[in-house]
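Chains as they are written, first to last, in this note's numbering: chain X, 43 to 458; chain C, 43 to 458; chain P, 43 to 458.
Watch out, some of these pointers could steer you wrong.
Some residues of chain C that are not near chain X, with every Cβ distance over 12 Å (derived) [claimed, not checked]:
#1 A91
#2 R303
#3 V352
#4 S398
List of simulated lysine-lysine pairs, BS3-like, C-alpha gap at most 25 Å [what the hints assert, rightly or not]:
#5 P:K242 - C:K112
#6 C:K242 - C:K149
#7 P:K242 - C:K275
Calculated Cβ distances over 12 Å to all of chain P for the following chain X residues [to be verified]:
#8 F116
#9 K242
#10 G409
Everything labelled a hint here was simulated from the structure, so no lab data went into it.
Note that this is a predicted model, so its numbers are computed, not measured.
All C-beta atoms in this analysis are idealised placements derived from N, C-alpha and C, irrespective of residue type, glycine included.
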Amino acid sequence: MASRYPSSLWIRLPLFMLFLEVAFILIFSFLFSYDYDLENLPKGHNIYAEFQDVNVMVILGFAFLLAFLKRFGFSATGFSLLLAALSVQWTMIVNEFLFHFSDGNVKISLQRITEAVMSTAAVMISTGAVLGKVNLMQLIWMAWVEATLFAVNRWVAVSVLQIGSYTSLMHVHLFGAYFGVMVSWALCRPLPDSRAENEKSTPVSDTFAMLGTLFLWMFWPSFNAVLIASTEKKLTALFNTYLGMAASAVAAFSISVATNRNGKLTMAHIRNATLAGGVALGFSASTLRYPWIAMIVGLGAGATSVLGFVFLKKCLERAVRLHDTCGVQYTFGLPSLLGGIVHIVWIAIDSRENLSVGGYSALIEGGALCLSMALGLTGGLLTGFSLRLKLWKEPHATNYFDDQAYWGFPHLAVGY
Amino acid sequence: MASRYPSSLWIRLPLFMLFLEVAFILIFSFLFSYDYDLENLPKGHNIYAEFQDVNVMVILGFAFLLAFLKRFGFSATGFSLLLAALSVQWTMIVNEFLFHFSDGNVKISLQRITEAVMSTAAVMISTGAVLGKVNLMQLIWMAWVEATLFAVNRWVAVSVLQIGSYTSLMHVHLFGAYFGVMVSWALCRPLPDSRAENEKSTPVSDTFAMLGTLFLWMFWPSFNAVLIASTEKKLTALFNTYLGMAASAVAAFSISVATNRNGKLTMAHIRNATLAGGVALGFSASTLRYPWIAMIVGLGAGATSVLGFVFLKKCLERAVRLHDTCGVQYTFGLPSLLGGIVHIVWIAIDSRENLSVGGYSALIEGGALCLSMALGLTGGLLTGFSLRLKLWKEPHATNYFDDQAYWGFPHLAVGY
Amino acid sequence: MASRYPSSLWIRLPLFMLFLEVAFILIFSFLFSYDYDLENLPKGHNIYAEFQDVNVMVILGFAFLLAFLKRFGFSATGFSLLLAALSVQWTMIVNEFLFHFSDGNVKISLQRITEAVMSTAAVMISTGAVLGKVNLMQLIWMAWVEATLFAVNRWVAVSVLQIGSYTSLMHVHLFGAYFGVMVSWALCRPLPDSRAENEKSTPVSDTFAMLGTLFLWMFWPSFNAVLIASTEKKLTALFNTYLGMAASAVAAFSISVATNRNGKLTMAHIRNATLAGGVALGFSASTLRYPWIAMIVGLGAGATSVLGFVFLKKCLERAVRLHDTCGVQYTFGLPSLLGGIVHIVWIAIDSRENLSVGGYSALIEGGALCLSMALGLTGGLLTGFSLRLKLWKEPHATNYFDDQAYWGFPHLAVGY
C-alpha cells in the first residue's frame, strides 16, 4: 500500500498542527486570564446544559452526519474533532480581538465559548462540501481562514450594520455552505470513475450518519435559543424551532417519496433535509410570534432541501462541475437563504405601524445577508485557489473518499 | 427489484403526510399563540435540560432500540423520527382540546410539549410490536389513532377518575404495549419461512440497538421525574428510578444466564429487560419512601421481563399467532402491569392510618389501570382490523423486515 | 459450539449476581431512607444536568470506548452496564459507611450518587486493561474489590491526609489504570497466536469506539467540575478542562502522525489520547488560574499518551508480559500521573508567598498520589492472583476477545 498512499505529510503536518497550537497557547497567555465579573456569573452558569447541547451538535452531530461514506468514517469523525478543537480556540482569539479588545473586556466566559463553538459550525459545514477530496493539512488551512473570515463577517455585521450579535451568529449556515461550495468548485478536478465506488454509503455508514442527524435534530432548539437573554424570546425560539423541525421532517419524508419514481425514500434526503427547518428558523425563531408561521417555514425549508437534492445537485455537478460531497448547499445553503428572506419579510410586516423603522431594519438585515453571501463566496473561492498550491500536497483523485490515504490500518480494511 | 417492491404508495403516501401537516398547521393557526403567563416562566424554563433528556429518549432512544433488525435499520430510525414528529404535533392539539379548551388556557409551554413527547412514547412502543410488518402509511394511521386514544384515555383518567395528570402519563407503557400487541394480532398473517432470515439481528445492528438501550437506561430517571413539581418528590423519583434501573439490569443479566441451558447471555434480553425497572417504577417512583422497595420492584420487573421473553414469547406466537417483533409486551407491558399493581398495593399500605381514603385511592388507581388496559386492547384490535383495508396497500409478507421495500438503495444492499 | 464454549458458569454466575443484589437491597433497607435536608435541596437539584453528563460518560462513554474489538462489542457494552449498575450501588454503601456512618448523616443525595458514579469510572478503566481475558464472574469480583479499595483509598486521603473530597475523587484514573494493569499482569498467560485475529478492530467497531470517545471528550468538563461548589472555581474547571481537551486532541493528532513512518494516523491513538487532557487536568482544573497552563498540560498529556502507546506498549508486552488490552495505562495512567505532578508543582508555586503552607500542601498531595499508586498496584496484584482461583472458571486463552464465549448467538456470528 505504501506506494499508493504516499507519506508526503509526515513531518509537515505535525509541525503545522503543533505550530498552530503553540501559537494559540502563546496568544492565550498574553490575552486571557480568568477574571470573573461576579454579576455575570449566575447567568453564564445557567446556560451550561444548553451549551453542552450545542457542543454535542458541533462535536458529535456534525462528525457523524459526515460519516456516511463507505470508507471515510475515520476521517469524517476524526478530522471533525481536530478541526473543531482548533477552530474553537482560534475563534475565541479572533472574537476577543475584534469585539472586546477595544473595551479591554478580554475574558473567557461560557457565553464566549458558546459563540466560538457555534461559529465552528461554519467549518463543519464547509468540511462537508469538500469531504474526501482534500487532505488534513488543507482542511486545517481552510478552517483557519474560514474561522477568521466568519469572525470578520460577524464583526462587520455587528459593528457597521448594527445587527444583533445573536442574528449575526445565525449566518453561520449560509456562510459555511457557500464558502465550502466555492472551495470545492475552485479545487475542481475531473473526478475519475474509480472514485465512484468509494463515494457510496453502506447501510451501516448511513445508520451512523442518521445518529448524527438525530442529535442535530433533537438539539437544534438549543442552538437557536442558547444565547438569547430574554426568557420570553428564548422560549419562543425553543418552541418555534421544535415545531419547525417537526414540520421539516414531515416535508422531507413527503417530498422524498413524491420525487422518487418508485415511491421510495432516499436516505440522503432524510439524513439532511429533516434539519432544514432548524437552519431556516435560525434567523427568526425568537421573533415569529405565531407557531404556525414557524411550521410553514420548516415545511418549506424541508421541501426546498429535498427538491435541491433531487433537481439541482446532479444539474450543478454536470453544468458547472460543482461537486458537493454532502450536499451542504441543500441542507444548509438554500434553507438558510429561505430563512433569511422570511426573516426580512417578517421584520417588514411586523413593524407595519412604523414603516420607516421596519423598512430600515429589513434593509439592514438584507444587507447582512448579502454580506455573508458575498464574503462566503469570494472567501471560499480564494481559499479554494490557495489550496491548489503544491505546498499542501493535495491528494490524488484516486485517493478521494478513502480512509487509507490518511489512516494506518493494522490490516487491509475492507470497508464496512 | 422494481417488480418485487411495488411503487404503490407513490402519490398516496406523500399526499397523506402533507395533508396531515397542513391540517396541523391550520389547527395551530386557530388554536395557539404565544401568550406567556409570566409567573409560569421560570419553572417552565428550568425543566429544559430534563425535557431534552426525555426528548433524547423518545427520538433517539426508541429509534435505535428498534434498529436491531439486520435489514430494517433505516426504517426503524427513519420511521420513528417521522412518527414522533407527527405524533407530538397531534398530541399537543388533542391535549389542548381535551384539557384546556374549556378554561380558555390554550397555550404552548415547555410542560405541555413535554407531555406530548412523553405521550408519543406510546406510539414508539406500539411501533415496536408491528415493526417490519406494516408500511409507513399504516404506521402513520396507527400513530394518529393511538395518539388520539391515549389522550382520551388520559382525559378520562384525569377528569372522571380524578387521578393525577402525572400518573396518567405513566400509563403510556401499558397502553402502548397492549395497543401494539393487539394491532399486531389483528393484522396476523401466516408469516412465511422466508422472512425468518430477515427477522434476525447481526452483531452490528444489535450494537446500534444497545446504544438506544443505554440512552433509555441513563435518562429514565428524567422520564419518571421531569413533570413533578415538588422538589422532594422529584428527587425521590430520580433516586428510586436510578436504583430500580440498576437492580433491573442485574436481574436481566442473572435471569438471562440462568434460563439459557449453555449459561450464556442473550442480547435481546439485555437490550430490553434492563429497561423494565424504569417502566415498572413509572407509577410509584415519587411515592415509594424507601429506596429498597424501588430496588425490589426493579429486580422483579427485570426478572419478569426476561422470563416473559423466554417462556411466554414463543408460546404466544404458536398458541394465538401473536407475533411481537420487539417483544414490547415483555419490555413494557408486563413490567408496567407489575408496576401498576405495586403502586396500588403501596397506596393501600401507605395510608393504613386512614383505611377508607387509601382504599378509595387504590380502587381509583386500579380502575385507571383497567381503563388503560381495556382501551389499549380494544383500540389496538379495532385499529389492527382497520389496517387490513385495501386502501393501505399492506406489504406482502415476503417484504417483511426489509428496508428495500421502502427505501431506494443506490446499489443492492447486502445487509450489515 | 457447545464443546468449545463450556457452560461452566450456568448456575454459579446468576446466583452470584442475585446474591450481591439481594445483599445490596438488604443493606439499603437498613441503611438508607429518604430524609431530605431541605436546605440542601436546591443545590442538589441544580446539578442534575451535570450529573447526567457524568452518567453518560460512565455508562455510555466507557462502554463504547471499550467496544473497539472486532468480536467483543456485546461484552464491552453489556458487561460495562452490569458492572456500573453493581458498582454504583456498592460504592454508595461503602461511602456511607466510611464517610457518614459516624456522624449519622446517612442519606441519599444527588451529590452522593454522583460521587458513586464517578468512583465507578475506576472499575470501567480497569475493565479496559483486562478486557476480553476474564469472564463476567471475574469482572464482578474485580469490580467489587476495586470499588471497596477505591473508597478506602479516598477515605484515607480525606480523613488522614486531609486532602479535599473532590481531589480524592480525581485519583480515580490513576487508581483504576494501575489496578487494572496489575490485575492483567498477575493473570498473565502466554497468549496464543490464535487470539491475535480477534484482538483486532474493524472500521465499524472503531467507529463505535469513536462514539464513546466523543461522548467522553465532550462531557469531560462536567466530570472535572460537577461537584465543585464555588461558582468561580467551577467555571474555572469547566474552561480549563475544555481548553485542555482541545490542546490534547491537537497533540494526539500531531504525535500520531509524527511517530508513524508513513505519516498516517492510528485510530487507537486518536480514540484514546484525545482524552488524556481531561485526565491530566482532573487534579488541577479548578486551581489553575491561567488558561494557557491548562492548554500546556493538555498538550503534554496528549503527547505523553501517544508516545506511551507507540514506544512503551510493545516494550512492556514483551519485556514483562504486561498485556493491556485498551492501553489504559497510556490513556489514564500516565496522563493522570503527569497531572498529579503538575498539581503538586502548581500548589508549591502558587503559594510562594507562604512557603511552609505551600510545601506542606504539596507534600500531602504527593502523599495522596503515592497512596493511590501503591494501593492501586498492590490491590490489583492481589486481586489478579485471587482471580486465578479455579473457582472462577477462568476462560481458556482460545476464547479470549470472543463474544461467543459469553453470549448466545442465534446463528454463528461472523464478527462485524
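Quick rundown of the hints versus the structure:
no. : hint            : result
1   : A91             : 4 Å, violated
2   : R303            : 32 Å, holds
3   : V352            : 29 Å, holds
4   : S398            : 44 Å, holds
5   : P:K242 - C:K112 : 23 Å, holds
6   : C:K242 - C:K149 : 46 Å, violated
7   : P:K242 - C:K275 : 49 Å, violated
8   : F116            : 6 Å, violated
9   : K242            : 15 Å, holds
10  : G409            : 34 Å, holds
When the structure is compared with the earlier hints, violations turn up for hints 1, 6, 7, 8 and for no others.
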